[in-house]
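Q: Let the hints inform the model, and build the full structure from the sequences given.
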Amino acid sequence: GLHTTPEPGPNGAFYCLAMFPYPSGRIHMGHVRNYTIGDVIARYQTMRGKAVLQPMGWDAFGMPAENAAIKQGVHPATWTFDNIAHMRTQLKRLGLAYDWAREVTTCDPDYYRWNQWFFLQMVERGLAYKKHATVNWCPSCETVLANEQVVDGACWRCETPVTTRELSQWFLKITAYADELLAWCDRLPGWPERVLTMQRNWIGRSEGVEVDFRILGSDRSIRIFTTRPDTIFGVTFLTLAPDHPLVPALTAGRPEEPAVNAFIERVAAQDPRARAEASTKEGVFTGSSAINPLTGRPIPIWVGNFVLMSYGTGAVMAVPAHDQRDFEFATRYRLPVRLVIQNPAGTLDPEGLTEAYVEEAGRLIESDEFSGLAPAEAQARIAAAIETRGHGRRIVHYRLRDWGISRQRYWGTPIPMLYCERCGVVPVPERDLPVVLPQDVPFTGRGGSPLAESPQFLHAPCPTCGGPARRETDTMDTFVDSSWYFLRYAVWPRTPDRALDPDAVARWLPVSQYVGGIEHAVLHLLYARFFTKVIRDLGLIRIDEPFSGLLTQGMVIKGGAKMSKSKGNVVDPDQLIATYGADTARLFMLFAAPPDKDLEWSDEGVEGIHRFLGRVWRLVAAWVTAGEGRPAPAVNGIADGAPEHRVRRAMHRAIHRVTKDIEDQYHFNTAVAALMEYVNTLSEFRPDDGPAVGAAMIEALDTLALLLAPFAPHLAEQLWFERGHPPSVGRRDWPVADPAWLTEARVTVPVQINGKLRGTIVVDASASQEDVVAVALADPKIQGWVGGHVPRKVVYVQGRLVNLVL
RNA sequence: GCCGAAGUGGUGGAAUGGCAGACACGGCGGACUCAAAAUCCGCUGCGGGCAACCGCGUGGGGGUUCAACUCCCCCCUUCGGCACCA
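In terms of my numbering, the first sequence opens at residue 334 and continues consecutively.
These are computed hints drawn from the structure, not numbers from a lab.
Even glycine gets a Cβ: it sits at the ideal position worked out from N, Cα and C.
Errors might be hidden in some of the hints.
As the list claims (entries may be wrong) - Capping the alpha-carbon separation at 25 angstroms, the derived lysine to any residue pairs in SDA-like fashion look like this:
1) LYS383 to PRO1068
2) LYS891 to ILE851
3) LYS891 to ILE910
4) LYS898 to HIS361
5) LYS383 to ARG840
6) LYS895 to TRP489
7) LYS425 to GLU340
8) LYS383 to ARG1064
9) LYS464 to TRP517
10) LYS614 to HIS730
11) LYS425 to GLU1050
12) LYS614 to PRO588
13) LYS463 to ARG840
14) LYS425 to TRP1067
15) LYS898 to LEU883
16) LYS930 to GLY887
17) LYS506 to SER782
18) LYS891 to TRP517
19) LYS383 to THR992
20) LYS506 to TRP517
21) LYS891 to ARG490
22) LYS898 to ILE851
23) LYS1089 to LEU1110
Stated by the list, open to error - Per label pair, the in silico range of CB-to-CB distance:
24) THR613 to ARG722: 35 to 43 angstroms
25) VAL407 to ASP907: 20 to 28 angstroms
26) PRO472 to ALA694: 43 to 51 angstroms
27) GLY799 to THR508: 31 to 39 angstroms
28) ALA694 to LYS464: 42 to 50 angstroms
A: Structure, rendered in structure tokens:
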């Protein structure tokens, strides 16, 4: 009954989503942890009365399927669907309350046709475009990679060092949303700060000024980008990237030309990573000079290995006095250093700087009418002056680059474009979607786009002129598939004629709680945010962000390293479930660490959880055997301290703590600890302790089943059945703690002398400070510490602590 | 270098201004058993003491407070992200 999604009712909707897996073959412990966390949240919200959508699907396109085809001769589709069938069985064994009817499989043409449709919408709006560019290339995967997929200079999937290639590729214009993606980082309170920080860093916004420096003896100029226009009077030279397009013109026919060319060749031959790590700043004079537009003074133009063509304009104004890189460069080549900001203490010596002064504090000097200003104000004034005098403009630069989505692989969504001899690049008309992946493709592993090997696929008539045309043979990055799948889940029944049903999406989205690995902090999570905004601007949805809450669970590690085949430290979930059952697997994952921290695998820990579940079973079994069908107890008027009172109090306390731990930041480890304490308390009582205890116990054990239901659903259901209740415990209301039972009439209060614990006293919880101090001073042990002194000061925190300051 | 997270017993971890170490693992001792397993009970931060107790203790140093793992300042270490980004 939990596995069908109800319509959202008056109690509201809750969309609980775990990142869908790649069907690699078998589930691993990371999946078990991820999906258990999500399932606890979904089951809890169900019992809280929310209409809950918890779907599951398959991120089914990707390289491993193709590699299997190359190595074993099995078709990627066969391999993928076999894996899905197996993994679905594995997930079902864990007792995850998914609505399997809504399953999404991205390699299904009914799904990927909408990838193609969204792509065409983006082409129409200029958000998808083709350009010739230097792109990241993985020699092992033999395909292009997006910037986000290069991790430490290596392929995100296979860790092969990435090289570059010059290729004509399709890009999605994520930079058009850079500002909005950044701005919303401040409006996602349900996201972990570290993920937001990573996204902010990745987008890398920087405000500055572009300034044109006219080349001496030429009508051309060099455009530089700076974030420090306040230092422009300190510019003593310009530095261009070695591959800056103006370099040849600057050196042509000059005596410096051979030296410059030799330098450029030397830098180009360097591996980009080695270049980044080489901290020595080297360069060469071009022989040309430029004019500083604010001072009118001529300055030499250099080429430097530390200037990157890929950022800003590929040219920088060098201010050695206020930029450490420029300072090192100037020192090496004996170029002038011009101090234009004096520090607040006035201690900087213009003739004897030993390092750049980069702080934005102090006053401008030697800067004409701007002298005397603070750097922050000078930045605004000088930027304005540059604009009004026509030397440049204020501009914002981003580190974020457009998303290259062309992949030279088979097992992905075909890019729905045609190349006509007469009409050029032509989109496939919407009515012709989906462009289906052909079956007759040889898997040779030789590289190149495999789709080009299928003549039937390759040749198609041009939709515009009917003449011969060739299909695009690259496929889409698989991250396109996962950029909107969470929207498709909400559409039910599925609409074969359109990607999204706006009403269905409005009913469920944004995702209330998303659960997945931190490794997607700037991959999937950035792309999905981008797609959501594009789809919003297409008018199909009204949300700005896809995921309200985000929980990034930690890794499962063993022996200090992430579980992996190569490390040989994997523990197979099937083995775990076969030996101990799904509930032990689930509870261990929840108890061993807070969800966002790494979890160290422990065989002994698993045993411990298994023992706990055994104790729960024996506890309930003992009482069921002894006292079936007892009526609900009446416990009012029972004296404080009576055993049945203790049972009742423990029950309300457990309800309170488990509820609070789930609600506050999903502290499942302490929620499970609270359940253990509860069970420990209930275990103190025996069926022959009398009818009052028996009545309280029966109620307490029912509550135990309810509290256990989200965590260990199988055992909870069985306990519920043993108690004679109809199924299902997971559909009953979550219990509510009565605040009256959470407080005690008499409390044990620690007594401190001068802040040090010296004893405890038992007082009425409502006792006044005077009464409590009197009891404390009457205590023989306390008297020994106080001696004959009168406390100089007394602090009493009601029911918590008393501190006597002597 | 910049940004972020973290540092607590033998181990995983708890406590977010009020009894540090909940809960669990491991260890030690005991019960049951011919024996073992399972189960149950007790003890378990470090040092001192026969003991009741005492001293010390949350990476290091300083500060605020009656009271600090918790707040403030400085420093160290680890992990993660970005990075000759102009």
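Q: For the pair we were handed, LYS891 and ILE851, check the Cα-Cα distance against 25 angstroms.
A: Given pair LYS891, ILE851 holds - Cα atoms ~18 angstroms apart, limit 25 angstroms.
Q: Return holds or violated for the Cβ distance of VAL407 and ASP907 against the range 20 to 28 angstroms.
A: Holds, since VAL407 and ASP907 (Cβ atoms, about 22 angstroms apart) stay within the stated range.
Q: Holds or violated: LYS891 and ARG490, Cα atoms, limit 25 angstroms.
A: Since the Cα atoms of LYS891 and ARG490 sit roughly 21 angstroms apart, the hinted pair holds (cutoff 25 angstroms).
Q: Given the hint that LYS891 pairs with ILE910, test it: the Cα-Cα distance must not exceed 25 angstroms.
A: holds, 18 angstroms
Q: For the pair we were handed, LYS506 and SER782, check the Cα-Cα distance against 25 angstroms.
A: holds, 23 angstroms
Q: Verify the proposed pairing of LYS614 with HIS730, using a straight-line Cα cut of 25 angstroms.
A: Holds. LYS614 to HIS730 sits at ~24 angstroms (cutoff 25 angstroms).
Q: Is LYS425 close enough to GLU1050, meaning Cα to Cα at most 25 angstroms?
A: holds, 16 angstroms
Q: Could you grab the alpha-carbon distance between LYS383 and PRO1068 and see if it respects the 25 angstroms cut-off?
A: Roughly 14 angstroms between the alpha carbons, so the hint for LYS383 and PRO1068 holds.
Q: Quickly compare the C-alpha distance for LYS898 and LEU883 to 25 angstroms and report which way the hint goes.
A: violated, 28 angstroms
Q: For LYS425 and GLU340, compute the direct alpha-carbon distance and say whether it is at most 25 angstroms.
A: holds, 23 angstroms
Q: Are the Cα atoms of LYS895 and TRP489 separated by 25 angstroms or less?
A: Status holds; Cα separation ~16 angstroms.
Q: Range hint 35 to 43 angstroms: satisfied by the CB atoms of THR613 and ARG722?
A: holds, 37 angstroms
Of the numbered hints given earlier, the model fails hints 9, 13, 15 and 18; all others are met.
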